[in-house]
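Make the full structure from the sequences, and use the hints.
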Amino acid sequence: MTRPMLEAESVSVAYGKVEAVRGISLTVEPGRLVTVLGANGAGKTTLLNALMGVLPARGAIRFEGRDLTRLPVEARVAQGLSLIPERRELFSTMTVEDNLKLGAFRFRGTGGGGDIGEMYRLFPRLAERRRQHAGTLSGGERQMLAMARALMGRPRLLMLDEPSLGLAPLIVAEVMRTVARLRDEGVAILLVEQNARAALQIADHGYVLDGGTVVLEGDSRTLQTDARVVETYLGVLAADDAAAPPNRVASGR
Amino acid sequence: MDATILLLLLQDGVVNGAIYALIALSLVLVFTVTRVILIPQGEFVAYGALTLASLEAGTLPGTVPLLLGLGACAFLADCAEARHNLDGRALLRFGLRDLALPGVVAVIAWLLAPTKPGLPVEILLTLVIVTPMGGFLHAVAFRPLAHASVLVLLIASVGVHLALTGLGLVFFGAEGSRTPPLSEASFPAGPLLVSGQSLWMIGLTLAIIVALWLFFSRTLLGKALIATAVNRLGARLMGIAPSLAGRLSFSVAAFIGALSGVLIAPLTTVYYDTGFLIGLKGFVAAIIGGLASYPAAAAAALLVGIIESVASFEASAFKEVIVFMAIIPVLLWRSLRSAPVEDEE
Numbered sequence: 112m113t114r115p116m117l118e119a120e121s122v123s124v125a126y127g128k129v130e131a132v133r134g135i136s137l138t139v140e141p142g143r144l145v146t147v148l149g150a151n152g153a154g155k156t157t158l159l160n161a162l163m164g165v166l167p168a169r170g171a172i173r174f175e176g177r178d179l180t181r182l183p184v185e186a187r188v189a190q191g192l193s194l195i196p197e198r199r200e201l202f203s204t205m206t207v208e209d210n211l212k213l214g215a216f217r218f219r220g221t222g223g224g225g226d227i228g229e230m231y232r233l234f235p236r237l238a239e240r241r242r243q244h245a246g247t248l249s250g251g252e253r254q255m256l257a258m259a260r261a262l263m264g265r266p267r268l269l270m271l272d273e274p275s276l277g278l279a280p281l282i283v284a285e286v287m288r289t290v291a292r293l294r295d296e297g298v299a300i301l302l303v304e305q306n307a308r309a310a311l312q313i314a315d316h317g318y319v320l321d322g323g324t325v326v327l328e329g330d331s332r333t334l335q336t337d338a339r340v341v342e343t344y345l346g347v348l349a350a351d352d353a354a355a356p357p358n359r360v361a362s363g364r
Numbered sequence: 007m008d009a010t011i012l013l014l015l016l017q018d019g020v021v022n023g024a025i026y027a028l029i030a031l032s033l034v035l036v037f038t039v040t041r042v043i044l045i046p047q048g049e050f051v052a053y054g055a056l057t058l059a060s061l062e063a064g065t066l067p068g069t070v071p072l073l074l075g076l077g078a079c080a081f082l083a084d085c086a087e088a089r090h091n092l093d094g095r096a097l098l099r100f101g102l103r104d105l106a107l108p109g110v111v112a113v114i115a116w117l118l119a120p121t122k123p124g125l126p127v128e129i130l131l132t133l134v135i136v137t138p139m140g141g142f143l144h145a146v147a148f149r150p151l152a153h154a155s156v157l158v159l160l161i162a163s164v165g166v167h168l169a170l171t172g173l174g175l176v177f178f179g180a181e182g183s184r185t186p187p188l189s190e191a192s193f194p195a196g197p198l199l200v201s202g203q204s205l206w207m208i209g210l211t212l213a214i215i216v217a218l219w220l221f222f223s224r225t226l227l228g229k230a231l232i233a234t235a236v237n238r239l240g241a242r243l244m245g246i247a248p249s250l251a252g253r254l255s256f257s258v259a260a261f262i263g264a265l266s267g268v269l270i271a272p273l274t275t276v277y278y279d280t281g282f283l284i285g286l287k288g289f290v291a292a293i294i295g296g297l298a299s300y301p302a303a304a305a306a307a308l309l310v311g312i313i314e315s316v317a318s319f320e321a322s323a324f325k326e327v328i329v330f331m332a333i334i335p336v337l338l339w340r341s342l343r344s345a346p347v348e349d350e351e
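Chains as they are written, first to last, in the working numbering: chain A, 112 to 364; chain B, 7 to 351.
None of these hints come from the bench; they were simulated from the model.
Owing to the predicted nature of the structure, the values given are computational and were not obtained by experimental measurement.
Even for Gly, the Cβ is constructed at its ideal location relative to N, Cα and C.
Some clues are possibly wrong.
[To be verified] Quick partial rundown of chain B residues pointing at chain A, CB under 10 Å, derived from the structure: (1) His90; (2) Leu226; (3) Ile246; (4) Ser249.
Spelled out as structure tokens, the structure:
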């Protein structure tokens, strides 16, 4: 078995007295696409923020054997981690091109960052909008810019938080194809999604979160056919994308 | 008041306004990047003027020991901040930045000061002495409060201002100083006599504005500062540390402050506490610009300068009152125009 790239060991995050993430352990192997599924409030975003250092967490987080637990966000970026947050966090009053340039900030002075031309080939819409402010982009374009900006930093582990949120189905498919292609190019990916169907189609491995803990784990093929996943996330979501799962996975066990 | 007097007053106002513009620009820069309202900006002005004056007199400026002390404090603050990841490389970096750099500056100042090397060298030396103080102050007083509210940061800012004023008294004494003008030349322009000094002031202000614009629009580091101001989390996710952005903006502010001091020193006698009032007028301009817009702040600074010079002619006893009252209608207009802001962040 390959040595894991990212290792989280019983990570817990509390907001005051409420524990949003309770003792989650998770690993991502190099070049693999791992997805984290779960309903609203299951703790997915909190988990990603803890892995990135945006939120303080208890437990151990290791990246390529190095302990990240005490490192601030910027230092984790320097290690090759990258997070595309749910709210994208673009520089809205700056141009698309400046957003991309800043994506390579960690390589400043060394010229080691991503290539803007390559990003424009990958996302032609961004090339058309290069002089526009990021705040004027549509939802899909924002997501593309957020991805391109993250790729400019040549991450070795890319974490995406709900990349399909608020996007039209066609664009969701495009985003998922891009994510899958990145994995094929060797970038390890941790994908948090509510759209379980889309995520499981491209993922190698998956975790299902509920109430801040992992309730189910397995390779994506198994998860796709697991009765509980089908019932809670795939079946219902297929019928009505916006509906919350009717019952919790944990109570079904 | 006839047209000639008005012209004279306008000329005076524009020259003073140039200084306020420089200060307003650095206040906007520091506030947008770090959310700190930099009350001590005026102290950088006073330090700049007093440092130049004592170099003029051939003595070692009091800012040199102050710089060494601040550097040592910043070194301790840096070590405390990085205590979990402190290794040899980090120690070396902190040592070079906080101890070696001020040390080298001190040695140069100590060697050069008694030789009275001439105004250009003295001005350069003044800028080199005062500029690093900005970064040191950020590391010591503001970085540990990076997550605090604007109000707490303002309170810290007032504290730093009081401390720096006191240190100014310790190191420079209560005596005021004045320096010779940058240029003795003067040019007749209609009924006015334009002094070389005022041309220097306006020219250098424009040069700083252009330099800032180039820095923000052409360099990645400048863009990183704007990015931090626009979206702090987004910037951190790109690897732009808020501490780097803060240090940089404070250094720029200290540089601009010191330069303002150099420019204003020939016009007025500067005491250890003169900077505060100058800084406050720059602050009025920055507020009129909403603490966000550079062009609006610069334009407002010119207006403040002109209001001040007209007020000092028409009602000199109320000069300061009139200048500071100008802020009230602007605040009213702003609060009526903008939606109420509940709580920051």
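Exercise. Mind listing which of the numbered hints don't hold for this structure, in increasing order?
Key: Nothing - there is no hint that the structure violates, so all of them hold.
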